[in-house]
Every structure is written in C-alpha cells, then in structure tokens.
Amino acid sequence: MRDKLTRQDVERIASLARLELSPDELSLFAGQLGDILTYAESLQRVDTSGVPPTAHIAVPAALAPLREDEPRPCIDRDTLLQQAPSADSRSGLLKVPRVVGS
Amino acid sequence: MTGNAPTAVDLHSAFARGELSAVDACRRALDAIDRLGPRLNAFRHVAAERALVRAKAADERRGKDNAPLLGVPIAIKDNVCTAGVATTAGSKLLASYVPPYDATVITRLERAGAVIVGKTNCDEFAMGSSTEYSAFGPTRNPWAEDRTPGGSSGGSASAVAAGLVPVALGSDTGGSIRQPAALCGVVGLKPTYGRVSRYGLIAFASSLDQIGPFARSTRDAATLLNVIAGHDPRDATTATIPVPDYTAALTGDLRGVRIGVPRELLAEGVDPAVAAGFEQGLACLVDAGATIADVPLPHAGMGIPVYYLVAPAEASSNLARFDGVRYGARAAAPTVRDMYDRTREQGFGPEVKRRIMIGTYVLSAGYYDAYYLKAQQVRTLIRRDYDEAFQTVDLVAFPTSPTPAFRLGERSSDPIRMYLSDVFTVSANLAGLPAISIPSGLTPDCRLPVGLQLTARAFDEATLLRAADAVERRASWWHARPPVFAG
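The listed protein sequences derive, respectively, from chains A and B. Under my numbering, the first sequence has 67 at position 67, and the numbering climbs by one with no breaks. Convert by adding 1000 to the 1-based position in the second sequence; the result is the number in my numbering.
Calculated directly from the structure, the hints in this document are not laboratory data. Just so you know, even glycine gets a beta-carbon here, dropped at the ideal spot from N, CA and C. Among these hints, one or two may not hold up.
[What the hints assert, rightly or not] So the derived label-pair ranges between C-beta atoms look like this: (1) B:LEU1373 with A:SER27: 27 to 33 angstroms; (2) B:SER1364 with A:LEU93: 30 to 36 angstroms; (3) A:PRO65 with B:ASP1245: 21 to 27 angstroms; (4) A:LEU66 with B:SER1364: 29 to 35 angstroms; (5) A:GLU68 with B:ARG1337: 39 to 45 angstroms; (6) B:ASP1031 with A:ASP47: 56 to 62 angstroms; (7) B:SER1364 with A:ASP47: 22 to 28 angstroms; (8) B:ALA1057 with A:GLU11: 54 to 60 angstroms; (9) B:ILE1292 with A:ALA55: 32 to 38 angstroms.
Chain A on its own, in the form it takes in the complex:
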C-alpha cells in the first residue's frame, strides 16, 4: 500500500502537525510510525465493500435534542485572558508574535 516511511515523510507530517521534531525524534518516529502503520495494515484483509463508515456513535436525535440557538452567559473575557501566556487586558486581546509584514 505504501513504501517505507522515510525521514522526509516524517518531516512532512511533523510540519503538517506543527511539531518541530529533533533529529533523534525524526529517526525514532520513522521506525515506530512505520511499524504502527504496518501493524494497522491487517485491516486490509477485512472485506468492507458496501459497509458504511462509523465516525461517531450518535445518540438518536430524539434522545439528544439540540438546544435552542439562543445566546447564553459564558465565561467572561477577562477570566479567559488570564489563562493566556500573553494578553492585553485593556484592549481585551491575546498577544502573539507579529504576523503581518514580518
């Protein structure tokens, strides 16, 4: 189904996952992820033609009704900003390194 996982493959996945892996981790994961995926290939032996996927065990809608779409009180902004590693409570904003024009 697929070729052996290379170091470049692992780098590409890490980049998609927003992980800056160390060189040691890249080699370790190339081996381990390959082993796990090879193990998972046992599923290919199962005939699933015409079988619908299960993404979620949904409780029937009648038994888990959605609430009315009305605004309700929630945790206030100041409290949430206090959780952030960097924020400005006066402007009510989270702070991150410069995004535009950098």
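Given the structure of chain A, go ahead and fit chain B onto it with the hints provided.
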C-alpha cells in the same frame, strides 16, 4: 477490595449516625495521601485547604438534606477541569494551567456533597496504558510497587486500591478506566457513550471518550453513576434518557440473565492466571443464576488496529488547540509559526507526539481512504457484531486485560506492545457500549489482581452493576487488600 477502609456508602451512613464527621473523614484521607501518595505518585495535586472547607460545609449541610455523597472524599483524574484547582492532564504543556470553570461532573459531584481532595496522575492527555507517559513520573501499583497500575487513569485506580479515597473519577477512551481497575483490583465502569457529560473533560478522542467511576464496591460505583449520569445542555452528545436509580439494580439475583463469551478470541494471548480468574468470575455469575453461552464477535479482534487509527486521528485534531496562544505554556519564538512548532515540541511528550503524527498521517491526502475510512468501516462491523450478540445474550464477558500488572519500563519503549494491553477494552468504546471491570481473583504466585469485564447494551448500566454486585457477594478475593494500604 474493601479491607478496613470504609466505602463511600459506609462513610455516608457513619456521618448520618453521627459517628464521624466529614471533616474527620477528609483529614483521614489527606493524612493517608500525605503518607502514601508520594510513594505511589498517585496524586498530582492535593487541594487540602479547599477540601477541609468543603467538608466543614458538608457537616453544616447535614440534616438540612441527605445528598447521596454528602461529605464523601473523592479524587479526580487530572484531565477533568476543576475551577481554581490546577488541571494538567499529565502534560508539561498544562503544568501551570488552572481552569476557570468546573466540568459538569464536578458541579454534579459537589451538588451531591462530595469533597474533592485532589487530582490524580494520568498518562499525558490520557494517552497510555500504564501512567508511565505522564510528564510527572509514573504512578505505582499498590499491589507491587515495581509495577504499573495500568492507565491512563492509573492515579485514580492506585488511590482507590490503596484506600487513600473510597471513590474516584477517571476517563476511558479505549480502556483507561477498566484496565487500571483490573490491574489494581477495584471496580471501574465506562458508561455508555452519551450517558455522562464530557463538558470540562480535556478531549482526547471525542467519539470515544467517557467519564466514569472507580470504587472498591459495586454499590459505591452505582451511587457515583447516579450522581454523574444524565443529560447536559453543555454536551450535545448526552442523551435525555432518564437515569434510573442504579443501586436498585443490586439484587444479587441473575436468574434470566444470559452472558455471552467470545471463546475464539480468548484462545491465545491470555495469561493463564487471567484465564483462571476469568473462569472463577464466570462461576460466580452462574452461581447467581446467569447462563453462559458462546457468542461470535468475528471483528472484535480487529479492535486494536481500528482504535489506533481512529483515536490518534481524533487526537491530532483535538490537540491542535494547544498552540501557545490561549492557555498553557508558550515557547519563545520570533514568528507565530515557530511559536506553534516549538510550543508543541517542548510541551508534548513522546507518546502524544507519536499519536499526533499517526493521526495527521492517516488524515492526510492520499492516505485517508486506505487508513481512516477503512478503520471506520471496520468500526461499523465491530458494532454490528455486538448488535447481533445482544440478540441472544444480555452481557458479553471478556477478561479486562490479557495480563496482570506489568513491570514499570517493560513496555514503555515498545508502542505496539503497549497498545496490545487494550485488546479486550477498545471494542466497547468503538461500539459506544457500557462496560465494567470487576476483580476476578489474584495471581497465585505474585498476588496481583486480575479483572473480568462485562459489556452491556447501550444505556443498560443497571445490568452491568447487577452482575458486578452478584460477583462481589460471592467472591472471597474481593476483600483482599494490597501491601500498600491506608487501613
């Protein structure tokens, strides 16, 4: 395994009779945690002052109402948010996180009078089967301190088994309540998907996660489930199905209950002592009036590969929120992109990274159909197997874990071997069904607990608890206690 430490129900009656105050019970729990907690590394945080204040309030409340857990000390897995009390999920990334809100289960427990004494250690973001993947060191098994308590809710299992608290909460995504319950010789229940609110549970795999109780007695587990179960407008996956009084199910009588055993799945890979305990547990069920029949579950053996694709896929998506912006630690970096990458590199441990990587891979273009879609299709087949089995039986029985507690370090560097610890537990999560692990004996050589697991139809926790209680009434091993015990 009750030993000398009182159960939650014992404490509740002692309080009602005026023999003991909630403050006394709280002090005893805190003393026990002080003495044995560090040795077992069962607790991440002990909220001593807060607990004593709440215990005093419980004593003042007594007489005005008779809430079911009034004054009962409880420990909470550290991936359940507690307002004002640190919640780390076993991760360095959340080492200094203090949630601004309570999970719904916490609100319900405190309304029922329970006194939260602290937060218990777990594998990072509940990913693991031994509690060795906690960023804060492994928890130890009170039956053998060189062995793991199982995981990921190992701290809760260890604390209850060692008598530090009568009851605790854990979370179970692929066996994280049932497997440590088995390895520590206590009761652990994973409710039906939709029975207990996950609002405030730090999400791992949202189609699988459930919160559930640990206890030394079935009655305590039933009492706890009475309190935490039910619809929650804050969790759209919870059902409005009424919550029965689960303690009413504890009749000791299993006449008319049919139990299916998937014998072909147990033919290999099960430790002989686990198999012997399993038969011993089945004998108690038969003695109580149940009948046993073989049931085929042809696809349950595929549970591990399905689970280890589905759960990491969901985890990779859920854990995208840990980016250093809104909460948790942030790594210094010149650009936003570097901040994300470094925060996650420094904040996550190896198992979490492994699962994020697997999940990202199987969801990526070109691999989705071959891995993720295929796993979801086999998930359907596993579900259908159970639907079919429940046409002819009321419960399905497995051993909970194929082996007793393993040694610390034995599996931590071999991911697939660690994953196989969950071979009998993952299918209940994949099918959304309730399942319980109960003590089914001790290994003859090392005196390590082994567990028996029962799975029921969706929302039939009552039959699970009825069967568990029937075994408890007949099991000589149930009251054995571990060498590390706060009696």
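Item checked: Hints not upheld, ascending by number -> none
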